[in-house]
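Peer 1: Going line by line, the protein sequences match chains A and B. In terms of the working numbering, the first sequence is residues 1 to 489. In terms of the working numbering, the second sequence is residues 1001 to 1489.
Treat each hint with caution, since some may be false.
[Said to hold, decoys possible] The calculated lysine-lysine pairs, modelled on PhoX-like cross-linking and capped at a C-alpha distance of 20 Å, are:
(1) B/Lys1326 - A/Lys60
(2) B/Lys1102 - A/Lys102
(3) A/Lys95 - B/Lys1065
(4) A/Lys79 - B/Lys1035
(5) B/Lys1102 - A/Lys52
(6) A/Lys54 - B/Lys1347
(7) B/Lys1465 - A/Lys52
(8) B/Lys1326 - A/Lys101
(9) A/Lys89 - B/Lys1347
(10) A/Lys123 - B/Lys1149
(11) B/Lys1065 - A/Lys123
(12) B/Lys1095 - A/Lys95
(13) B/Lys1065 - A/Lys101
(14) A/Lys35 - B/Lys1326
(15) A/Lys35 - B/Lys1052
(16) B/Lys1123 - A/Lys149
(17) A/Lys123 - B/Lys1212
(18) B/Lys1101 - A/Lys146
(19) B/Lys1089 - A/Lys95
No lab work stands behind these hints, which were simulated from the structure alone.
2 protein chains.
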Amino acid sequence: MGLETKNQIKTKKKYSEKRSSYDPISLLAIASPVKGCSVMTPLGTQFWEEVKEKIDTEHKRIGVKNVMLPLFIPMSVSKKVFTRRDFNKEFVVIKELPRRKKLSDFLVIRPTSEVLFSFVFSKLIHSYRDLPCLLNQWCNVVRWEKSNKVLLRANEFWWQEGHGVYDDQKKKEERELFAKIASMYRKILSDSFALSVKEGWKTKLETFSGAKKTYTFESLLPDGQTLQLATIHFLSSKFTSVYKTVFRDRHNNLRIPAQISWGLSTRLLGAMAKIHFTQKDRLVTPPFVSPTQLLILVISTDCDTKEKENEKGKCYFLSRKFFSLKELFRVQINHVKNLEHLLILKKRGLAEGVPVIFECRETKNECFESYITISSSGLKKSILPSQLTSLLIRKTILQIQQRLKIKQENVTKLNTHNFSSVDDLKKLLDENKVGFFKGVFCGKITCERSIRDAFGLASVLTSGKSFKSLFCFFCGSSPAKVSFFGRKY
Amino acid sequence: MGLETKNQIKTKKKYSEKRSSYDPISLLAIASPVKGCSVMTPLGTQFWEEVKEKIDTEHKRIGVKNVMLPLFIPMSVSKKVFTRRDFNKEFVVIKELPRRKKLSDFLVIRPTSEVLFSFVFSKLIHSYRDLPCLLNQWCNVVRWEKSNKVLLRANEFWWQEGHGVYDDQKKKEERELFAKIASMYRKILSDSFALSVKEGWKTKLETFSGAKKTYTFESLLPDGQTLQLATIHFLSSKFTSVYKTVFRDRHNNLRIPAQISWGLSTRLLGAMAKIHFTQKDRLVTPPFVSPTQLLILVISTDCDTKEKENEKGKCYFLSRKFFSLKELFRVQINHVKNLEHLLILKKRGLAEGVPVIFECRETKNECFESYITISSSGLKKSILPSQLTSLLIRKTILQIQQRLKIKQENVTKLNTHNFSSVDDLKKLLDENKVGFFKGVFCGKITCERSIRDAFGLASVLTSGKSFKSLFCFFCGSSPAKVSFFGRKY
């Protein structure tokens, strides 16, 4: 348990013995009656809609347009491109249609939609003027895995699947597009979700079977396993050639464009819940993406739920204040009749990870007694209602977000272990270290397999650049590159 | 061809002989390689996102929260509620999972999600305080039909599926909820999409197999067939009892809540394309929902695509104007180098149904030559650039929207035929009338089947209220209600 001190492990053990059933993910998604499939709760869906809005906005800037593609792909077409046995094993297949119509060409439920995007491109693209053509879809995909975990390893999940085709002779365009997409993911994962991610290239063995090169964003789970959160694939012309997607270039020659794809899934929400978890019975959510940033709970016999009535009531000034806060933040206001009801709503707010909770109670002498609670730390402080300003809320939200971010960066730093030789690595593993193991590696498939067998570690990502001056820690060959190993989720 | 005059039919025939391949739907969706499944183009997707935004906004007001539910439903559970043979015939079923795992309980790909919503409700609802609980999902559903038509009759389509549970003893709450949902659909169909819809209750024979009562919104296609665009179902406790969704009422008794559901699908976009079609090679789109309301095309050697450069250029004042229009409308601005390119973009704008197109060309003496084109009517008018004001655009958009609406209302009025006896109806059909046939009908299943056999007409909707003073035109029995018959798409 490398991500915690020994003392913490002890606490955690006791804790998990006491209430082993608590899982912060359960507030975002619930297992459905079908194995590996889940229901996204209203709260989980709100988070996903936040992700959607952020990515759609970035996509608009990059020039990506949304499309909606069908669920089924003919097996004959799918087989042309997916040749690796293990990926095909996850396909859910329809062999017979209603009214007992046996299919000669089975239908695969999309595990990913490269093939269909190529079909769309072949309809939309004619000349070099139509390039680059950048599309995206928000959809459900199905990959039947052996073991499942809600949101983290699901048989059906939701994702965003971006695909672009471009003239592969335009290397600058390719680089710029890649940089924009990578920057978008960096913003979402690191800035919005306050996660600490390492990014880099996959080795040959770990590259997506349809891709020439795969770029990945990886985070650490509390148990030290690495979790992939987003990827960008350079697909070359593997898929575009299947559907004969061609364009006429400036010299009127027919050419096949190159394809790039990028994706991020609802797994991100699982990562958020697991990674920011603080061993209290509650979600911890980064305020930048929390559907409710500020929960206001007011007890007052005069303050009814109807805002209009408040205008004449004693807490008129409070209502006005709340209204102005609503313009600036995602605020939920609840007027309650008594303390009991307030405490129920506060408990729910804390459980759902609302970052800031303001509670206010009118006392007999027409004064107010009020408190602000920071959900992630549990800190509760008495403040005057007049102190509840947009400045305070903005400052508090920023602080919480930064603290979560810094905490995760420290965890990753503490759990990134350098090694320069086989002995080094052995020693680290003997010390029960987990996390990222950083060393120099040649990237060869045979070497990677041997490392996996010897240490139980997989290559997570590499810097991508090989240097002649670097030598593989395992086989001693050169050139080699800086690489990170770990136990993959 | 009741929706057109004879002259129009002649024109249409000639027209369809000449370019029979043109279908305005093709700009919104393309048939995919799998029968009855389609790809929604970027334009089609933009329209659907417009629908989503409008419905999400209304839902928020009503108190409906979004969720995301899984694709697969266990057959055993589905069978408990869907007993009618014909609906089951449309189920696409998974009988075997990857790694040759035969399923004893098959999986149905959701044709609708009543069952799963009940499952969710059973997790979210405990006491009367949790009611009403109103949820919605945006998803794809699969119903395998014998014959297909892109967007109008698809094997896979996208829809919005709302579900609510409530205490069925609270009749006022039920009525209010129903009224709000019906008003939402009325706004979308009639105000936003400028369609003329008739609404009312389905007869027993036509009610959704899982529902106690079904409310429907129906429009007329240009060939006189009626097309269902949205429905609201009162499901009673049929589904909630399957998943044992219970709540404790104020007296601490366990009770089963009633369920209501409502849905609207991508078929709406097909209806828009077909119904507003004007026999030109273009889409006609109601400006209130057009993704681009105003297309601006400017030729000027000085006006580069980069807006910053314009600030110093001759068309600075134009750029400023365009910018202010962008704040108020959905505007797309294209700076082009020559007339040829302008005409290509204009043609595309017209084809895609952009309601208003403004083109502007700088002449030698630093003056501008500019035109405004109304896409639906083809009207092109010379105007001064200074006349391109937000007032003009607002007025024009309103006019186009109103004209489309009034036109459709007139078409529906002209194609609604009253009849009071069997002979009346026979006469109307002998005259080749199509559309809605309005008469008094008892609503009995046997009577409805006989009418279908005798006249080839189905009951489309009824007023819902029976009166003792009314007598069925077919069987003469009383009570009866005002009903509309037609040929269903």
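Peer 1: Of all the hints given earlier, name the ones this structure violates by number, lowest first.
Peer 2: Violated hints (numbers, rising): 3, 5, 6, 7, 8, 9, 11, 13, 14, 15 and 17; every other hint is consistent with the structure.
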